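In order, the protein sequence lines correspond to chains S and F.
If you count the first sequence from 1, position 81 lands on 270 in the numbering used here, and the numbers rise without skipping.
If you count the second sequence from 1, position 111 lands on 253 in the numbering used here, and the numbers rise without skipping.
Note that these hints are calculated values from the structure, not bench results.
Predicted model only: the values in this text are computed from it and were never measured.
There's no promise every hint is true.
[As the list claims (entries may be wrong)] No farther apart than 20 angstroms at their CA atoms in a straight line, the calculated lysine to aspartate or glutamate pairs in the DMTMM-like style are these:
1) S/LYS289 x F/GLU194
2) S/LYS246 x F/GLU245
3) S/LYS190 x F/GLU201
4) F/LYS183 x S/ASP228
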Amino acid sequence: KNQVEQSPQSLIILEGKNCTLQCNYTVSPFSNLRWYKQDTGRGPVSLTIMTFSENTKSNGRYTATLDADTKQSSLHITASQLSDSASYICVVSWGGGYNKLIFGAGTRLAVHP
Amino acid sequence: GAVVSQHPSRVICKSGTSVKIECRSLDFQATTMFWYRQFPKQSLMLMATSNEGSKATYEQGVEKDKFLINHASLTLSTLTVTSAHPEDSSFYICSARELGDTEAFFGQGTRLTVV
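Next up, chain F with everything else stripped away, as it sits in the complex (with noise of 0.2 angstroms):
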């Protein structure tokens, strides 16, 4: 299958700063990323979809201005937690997928930790 290279795995910031996690698609056009979150035990939800070259759509109860997405190219897609804080510690997921395509493929992960 493809490969979809999330970084970084693990991050851990301070209350009130910015985090950026990177979403790579390493062997395909990744016309469309999405972006999920997932607390312990429980299913992944979806936060955003981004198609490359447009501004994301978000899920209702998600804050676009806390969780931005920039999806500037084919194969980057960029998910910024601003102003963060201890409530938004959890474990996102990126994934992506191929124009026509209607497998997607997950990146690894990021567990964030905000103190």
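The following block holds chain S by itself, in its conformation from the complex (with noise of 0.2 angstroms):
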């Protein structure tokens, strides 16, 4: 069954520290994978897309590692910002088509003064 898993459910950190968010998969074929930032009651926002043959790619702050072995991926955030606040999402797109989207549940972070 074709599943993206994420974790952890929820996280709270202090602002200005780093932290690592985890994405494991089972989807394939495999296409590409996205992390979305989405704030509350917001749509999701695009903040890196990889395909089989990356292994990091950051946007600013954000870093995304894929481990297309192992189908992992992480999201890490540095220095982190009250404005990182948010809910982070996993997308593993399925077999090529783009309407094939197989979303994780979401990380909810939290960045505390």
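With the hints as a guide, bring both chains together as one complex.
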């Protein structure tokens, strides 16, 4: 069964600290993996997108890694800010068709001052 | 990134009435639009995929007569929730993609509350 599992479910960190969010998937065939940030009551905003051949991609303070062999990805946030408080969703594209997206449940991150 | 505008952002309606949600691509031609539904603390669930000028393709378990989708132009798709009931209360999100582009962009979402 195609699944995307994220951990932890929720996380609280202090402003300025780093954190790493995990994503494991069993989607096959794999096309690409995306990380989105979703603020409460808003639509998701793309952070990174990685294909099979890419193992790391950065977007400012966000760095995503991908290990296609172990089917694991991580999103590292450096020097967290209060505005980083949001849900972070891992999404895996299945078989190349865009409409075949498998969404993870997300990690709810709270950054406290 | 490209901009997708969704309207309204919040709507409250009475049970039995219909509600229309609009999704517009502001700076590109959206050949394909997707409609999602999201319950609190849950993942986005794809409801339907629509290509401009064609009938929408609904996911299993989604009632096409209840969730009417129209994609009559390259910049606008609408989702109409007909005869809404309290269990239809949810967060509805659209995304739009341009022909040949693998990326798609999400709207801001619409919080529907049926009372």
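Review point. Going back to the hint list, which numbers does this structure go against?
Key: No hint contradicted; all consistent.
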